[in-house]
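Participant: Given the coordinates of chain A, assemble chain B onto it according to the supplied hints.
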Amino acid sequence: MTLAEGHLQTQIRFAYVTSQIGSGGPVITLFNSYVKFQIDLNFSSIPPGNAEDILNTEGYLFKRNSNAFKNYARRWFCIKDGQLVYRKRSKDNLTVMEEDLRLCTIRPQPDLDRRFCFEVLSPSRRMEQLLAIPGNSRCCDCGVEEPRWASINLGCTLCIECSGIHRSFGVHMSKVRSITLDTWEPEQLKVMLELGNAVVNGIYEGVVDESVAVRAKPDSNRAVREGWIRAKYVDRAFVKKLPSITRANKLSKWSVRKKVRRSPARAAALLKKSTGSSLTKTASLPGDLPSSPGSGDSEKSSPRSKDSPGEDSMLSRSGSAEESLTSDLMEGAGIARHSVESVGRAVMSVSTSMGFSAGGGETGGANISDSGIADTASDTSKTTATNVAAAPTAAEPKGFVFGVEHPKRLKEFNKSLDLESSDDSCQDFDDAEENPDNANASRTSATADGSSGVDCPEDDMTTSWEDMSRLDPHLLLYKACGARNLPVMLQALANKADPNWVNLEDGGRTPIMRAIHTGSMATCEFLLLNNAKSDRKDRHGQTPLHHATVLGHTGQVCQLLKRRANLKAKDNQGRTPLDIAVENANADIVTLLRLAKFDEEMKESDGYLGNPEGDTFQDVFRDFTNMASNNPEKLKRK
Amino acid sequence: MGTKDDEYDYLFKVVLIGDSGVGKSNLLSRFTRNEFNLESKSTIGVEFATRSIQVDGKTIKAQIWDTAGQERYRAITSAYYRGAVGALVVYDIAKHLTYENVERWLKELRDHADPHIVIMLVGNKSDLRHLRAVPTDEAKNFAERNNLFFIETSALDSTNVESAFHNILTEIYKVVSQKQIRDSPDDDNSPSSNVQTITVAPTVNSPQNKRPCCSS
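Line order of the protein sequences matches chains A and B.
For the first sequence, our numbering assigns the number 42 to the initial residue and increments by one for each residue that follows.
For the second sequence, our numbering assigns the number 31 to the initial residue and increments by one for each residue that follows.
These aren't lab readings, by the way, just hints derived from the structure by calculation.
Be a bit skeptical, because a hint or two may be false.
[Unchecked claim] Lysine to any residue pairs mimicking SDA-like chemistry, simulated, CA-CA at most 25 Å apart:
(1) B:137 x A:664
(2) A:638 x B:59
(3) A:282 x A:260
(4) A:282 x A:256
(5) B:71 x A:592
(6) B:204 x A:626
(7) A:638 x B:70
[Claimed, not checked] Incomplete in silico selection of chain B near chain A, CB under 8 Å:
(8) 74
(9) 98
(10) 112
(11) 135
Every residue, glycine too, gets a C-beta built ideally from N, C-alpha and C.
Next comes chain B alone, as it looks inside the complex:
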C-alpha cells in the first residue's frame, strides 16, 4: 500500500522486472515501507506501491509496478509496461543465470515498453559477498554497452536501495523536464557511465517516513 501524498508535481510509473527470486518485491517494500521479508511468496500478477521523493525541488511520486518474475504469472505483458517511464531490471549477484537473463528482460522492454524508457540494471543481494557470481565490473561494462544505468543493492541491509530509486527517478525527471526528446537516435540522451556518482537532492526527508540514509 502506498503512502498517501498530498501533492506532487510528477507521477512516474516505474516497473520492476527480472527473474523470479531476485528480490524485486523486497526492493519495493524496502523502498516504500522500509520492510524486508525473507520468506516472501512469489508475486502473482503485479503488486503496486507508491512513494514520493523530492528532486530538484519538485515532488515526484513514483508509482512502482512490481511484476511477477515467473512466466506463468504473466499472461498480458504489454499492460505491465504501458505508460512506464522507468524500469529497474533486477538480477541476483549470487545467481549468474539471473544475470544472463537480463538480456531477455531487455528484449521484453524493447518489445513492449516505450523506446525512451529509462532503464537501470540492478544487481541485488549485494550482501551475499561470499556467494557473488556476477563480478561488479562485468555487469557495469554490460550496462555501459547497453546504455543502462547500473547499481548494486541489498534490500536486506538497505544498501543503495534509496539510491537506486532516487537515481532512476532523477533520470526520468531529466528526460521529462526536457519536454522534448530529440528524434535522433544518436543524440546524447543516452546515459553515460556515471552511475554511482549521481547526487541526490538532499534535505527533503518527509517526517513520517523514517528512511535510511543513502549510505554505501
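In isolation and in its complexed conformation, chain A is listed as follows:
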C-alpha cells in the first residue's frame, strides 16, 4: 500500500465518522512532528504499512496544554483499538485522551500560532439527547431525516437547507446553531429539551392551510421551503388562535399547568430509569373526549369525575419506569402517577376540576435539573404534591388549562372538542383504584391542607386561575413563565405575546422577572433567546439582575451577566445588584458581579483583546453555569 492510499483510507474513515457524530466537550489541539506519524489536517496517519497500521499506530504529537500557560508539550501518541492514547514518558502509563476516535470530529485549526494544527472534538450526548425528543429526528419544516441544525429560540431541529432559510430571516426570528459543531450553553440545551419539533409544530402548524403556502417536503426546492417557512414563522399563518370568550366558557377560568422541577437526584434517577425512552412522559389524559365545535384542533380534556372507569386504560398506558419514578418524586400523592406526555402540543385542557391533566410535566431525557437552586427544588415538589392532593376535595370552576398534552391522542382531540359536554368526560386525576395507598395519602393531606379555592397558590400544579376575559397572549406568557412551561410560553409568543410586557398587577414585572422567581434557567434562557430585555425595571426600580441577586439565584445571575446585564443599575433604594449581594454576603454572586465588572473595566482598557488570558471571564462563567445546570446543590448557600 502506498502512502497515498493509506492517506485516502484514513480520510474516508474520518469522513464517515464526522458525518455521524455530535461534538462538543473539550477541545484539544495537537501539533505534529515528523516521527513515524505523518499527520495531515484530517488526522490521517500514514504509516508505511498496511491498513492495520493505520488503525494501530503511534508517534509524537505536540499537545497543547489546557493549562493556564497554553503551551505545547510533546507526547507520544498511539491509536490503539480505536482509542487515542498518549504517554508523557516511556515509562509512564498510557493516558486515554479519546475513548473512541470513531466518535470524534477532527477539525483543522489553521489559525493557531503553529502549522498543521487540528483539534479533536469529543462527542457529546447532545445529539443523542436532542434527536430523541419527539419529532426531532426529522427536520421541523420539511421532514427530512437526520437534521443536524437547530433553532435554539424556537426549540426545533432543522436540516441544513431549512436552517439556511431560517438564518435568512434574521436572528430575531430564529437563532440557528449546528448541533454538532457549535458550542452550546447548557441552558440552551435545556430549552431544546423542553420543546422539540412535535411541540413546535403543534403550535406553528396548528391550523395548516396549504392554500396559504405549500408544505415543504424533503425534496422541495428552496422557493417552496422559503414560502412555507415564511408563512409558518414570519406570518404565523398556521398558529392557532387563543380561545375567545364564548357563551359556553364565559364562566370558565384558565390557568397554566406547572412543570415540576426536578432535583439532581431525581434527574439522575430519571436518567437511569428512562434510558432509551428518555423522552417519554407518562400520560394521564382522559380517554374519550367530548368535542368542541369551532375550537380548532386545540386539545381539550375535560377531566372531572374522579372515579371514571375510563381512567384505568389511560393509566395503564403510562410508562412504568416514569410512573414509579414520578410517584417517588411526588411523595405518594395521588397525582404522582399522572404526569402528562409533553411530547405533543402545547395545548389546552378543559377541566371542571383542578386540571389535573396538568400533573407531572417531567421532561424526561434531560437529565439536568433546571434549577439553579437545589434546596428549593424538593420543597417545591412536596408542596406541589400536597396541594395537588388537596384538590379533589375542592370544587373548582370549569377552566382551561394550558400546557396539557397528549400527542397520541392529538387526532382525537382535533376531531372532537366539546366544552359544554365536558362534564361527561372522565378525569385524569385518579389512581385510587390502582393505588389505594396513594389515594388515601392524598385524601389525608387534602384534609390537612384544605386549601385550594379558585385562587390556588402559585406553588400548585397550576398557576392561579384567571377569568377568561383576561386571556391574552401577554398574560398567558407571564403565567407560563411562572409555571416554567416552555411549550405554553412558545404558544403565547406565537400568538404575539410581548416578551417585555409589563404586568402592572404584579409590581410592574416583566416575564423574565417572573421566570427568575421560579429559579428555572431554561425558562429564563428561553425568554432571553426570544428577545426579552435584561434591563427593564419593575416598580421598585429593580432589574432582572436585582431580582436574581435578591433571591440568591446564582445560575440566573450568570445567565444575565453572560448577556451583559447592566451592573450599575440602581433600584429605588439606590442599591446596585452588587450592593445587595454584599449585604446578603452571597459569595458566589458577589464574585460573579465583581468579575463581570472587572471584565468590563479590563475590556475598556486597550490591549485586552487577543490576550490568551482574556477568556478567564468566560471560563469562570462557564464553570458556574455548568454547575448551576448540573450540580445546583453545590451552589447551595451554606
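Facilitator: Structure of chain B alone, referenced to chain A:
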C-alpha cells in the same frame, strides 16, 4: 479598582490565598493603590485589582484575585484558580495557626490550580516583631522543601510588598517566556532557595503611581 494601563505584553492572573485575617486584602491594596486599612472588613467572594509593572523591558499586567479566607465565603473554589499562573499563599507571622494552615492552602492549589502555577509563601505582618510566632528560618525551610518562593512582608509599613509581587511576576514571566515547559517532573523548573536576592527590573516607575521603593 485597577489602574488603567494602556498597553501590556503579558497579563498574569495571580491569586492571593491564605487564612482569614492574614492581610491579603491589605497586601493587594498596598500594591495596587498604596493604601492600608487597619479596619478592613473580611472579603466576600473575590475582589479584583490590577497593576502593571516592567520586567525585562516588558510590561506585565498583574490581574490579582483577592479571595476570601473564610470558608463560608468560598462556594466554588475552582473558579478562583482558573487561569491563575501565580499564587501568593499568605500567613500571619504572629499567628502560628495561619502558618500551619498553609499546607491546606497548598493542597487546595494542587487540587484546583494549574500544576505549573508559581507559588510564593508570604509571611505577612513582619512589623509585629514582638509578637512573632513563626520564625523566619522555619518558614524558609518549609518553602524550600516545598519548592516555594518565600518572602516576609508588611502591608502596614510597606516592607517587601513591592518585592513580593515583583518577584512572583518575574518568575511567572520566566516560565511563560520559556514557552515550553518541560514535561519531566524532576527537571529544573523548580525554584531554588534564592528568594530574597532576586533583583527587580529597575527604572520603570510609571509616573502616576507614587510607589515606595523596594526597601527592606
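Participant: If any of the earlier hints don't hold here, list their numbers in rising order.
Facilitator: 3, 6 and 11
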